[in-house]
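Trainee: Chains as they are written, first to last, in my numbering: chain A, 1 to 63; chain B, 1001 to 1283.
In case anyone wonders, no lab produced these hints; they're calculated from the structure.
Ideal Cβ positions, reconstructed from N, Cα and C, are used throughout, including at glycine.
Distance ranges between label pairs, derived from CB positions: (1) B:ILE1051 / A:THR23: 27 to 33 Å; (2) B:VAL1082 / A:VAL59: 48 to 54 Å; (3) A:VAL59 / B:LEU1052: 43 to 49 Å; (4) A:ALA8 / B:PHE1056: 54 to 60 Å; (5) A:LEU51 / B:LEU1222: 25 to 31 Å; (6) B:ASP1223 / A:THR6: 43 to 49 Å; (7) A:PRO54 / B:VAL1152: 35 to 41 Å; (8) B:LYS1088 / A:GLY7: 43 to 49 Å.
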Amino acid sequence: MQAEQTGASRKAEVLAYVFAVVTLIGFGVIVRTPILNFVCGPAWVIACVTLLTPRFEKVLNRT
Amino acid sequence: MSWAAHEIESYFLQKHIKARVSYLAILLGCLLPDFFTKLPVYGLNIGNMTILKAEFPAKYHRGWPGVGPTHSLLFGVLFALVVLWITKSRGWALGLLIGQWAHALTDIFDSVGTMLFFPFTSQHYSTGMWAYAAQAGRYGDAAAYYSSLGGVWDFMWLILALTGIGVFSRKFFVDTVVPNDDVWPWMKRKFGMSERAMLVVYRAYFIYGACRIFAWFIWARLDGAPLDWSWGGPYWVEKVSFPAEDWGNWFTQTGRGVVGLALALAAIWWLVGRRLWEQANPK
Chain A
1 MQAEQTGASR KAEVLAYVFA VVTLIGFGVI VRTPILNFVC GPAWVIACVT LLTPRFEKVL
61 NRT
Chain B
1001 MSWAAHEIES YFLQKHIKAR VSYLAILLGC LLPDFFTKLP VYGLNIGNMT ILKAEFPAKY
1061 HRGWPGVGPT HSLLFGVLFA LVVLWITKSR GWALGLLIGQ WAHALTDIFD SVGTMLFFPF
1121 TSQHYSTGMW AYAAQAGRYG DAAAYYSSLG GVWDFMWLIL ALTGIGVFSR KFFVDTVVPN
1181 DDVWPWMKRK FGMSERAMLV VYRAYFIYGA CRIFAWFIWA RLDGAPLDWS WGGPYWVEKV
1241 SFPAEDWGNW FTQTGRGVVG LALALAAIWW LVGRRLWEQA NPK
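Just chain A, with the same shape it has in the complex (with noise of 0.2 Å):
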């Protein structure tokens, strides 16, 4: 099951959960309830990591 994931797998990983962090901790100040109850919240930080791991891993693959 366990993938070796390549150097630019591993940063465009790190890169998308920095990006739900910051987000997250962003907009829960900002709207509060509506994104930080315990269904949308773990499903942001889902939705970032999955969907933008592979667009930024693009980026740095090109780069």
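Here the structure of chain A is known, so what remains is to put chain B in place on it, guided by the hints.
Mentor: Leaving out everything else, chain B in the frame of chain A:
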């Protein structure tokens, strides 16, 4: 009540439990007591209309009559027993029990506390570390909580979880979390989830819990709520509590509760628990 501790404690517990136990079950157990009970505590408003709101939130949430028994030790046992009977999974039953007990015990730190030994006694157990303020509404409660030792409590759980940072690694997930729970392979088959997706599902509640602490703490500061890290604070919110009449009464009620719970647990184990446990799958 604890705001983010319930999301984070599941990771800390998982690290220190040596038995085979489902992480998802611990998480669900940690969330269980508040799952169906929180909405009427703060109230459900549509426009200017309040559709659902408990008249006395603290009594409804933690007391009796109310849904306070969801925060008792026996509730966790009965719920775990039902899950053991339906799923035949020891890992899920044990995980739910550990999570629910962790929630019930964590909540004794606010001023209302929990009825740990219900139905043998309706005595509330509380250390009064911070003020229970759900009656002030969601935002009032958040401001009070993150201005008191409640917020410190959340930060402490965050640090405790980070001391075992290995639980968030890909290796721990693949070598420990997945083999202990058939739900992960099922999710992979059913939804075609990649390892990355499953790993982020596993980590999501920790990240959400941690972000929630920072977001509410920053919001409370921007809102101008004064910090008060004294025991039982903050001073500026109305504090609800249900103390015992006197120490004599406290000891009598506690003795009754401990003996009642011990006898009930023994009876449950001998009548149904042992048979269900032996028939169940170790996972």
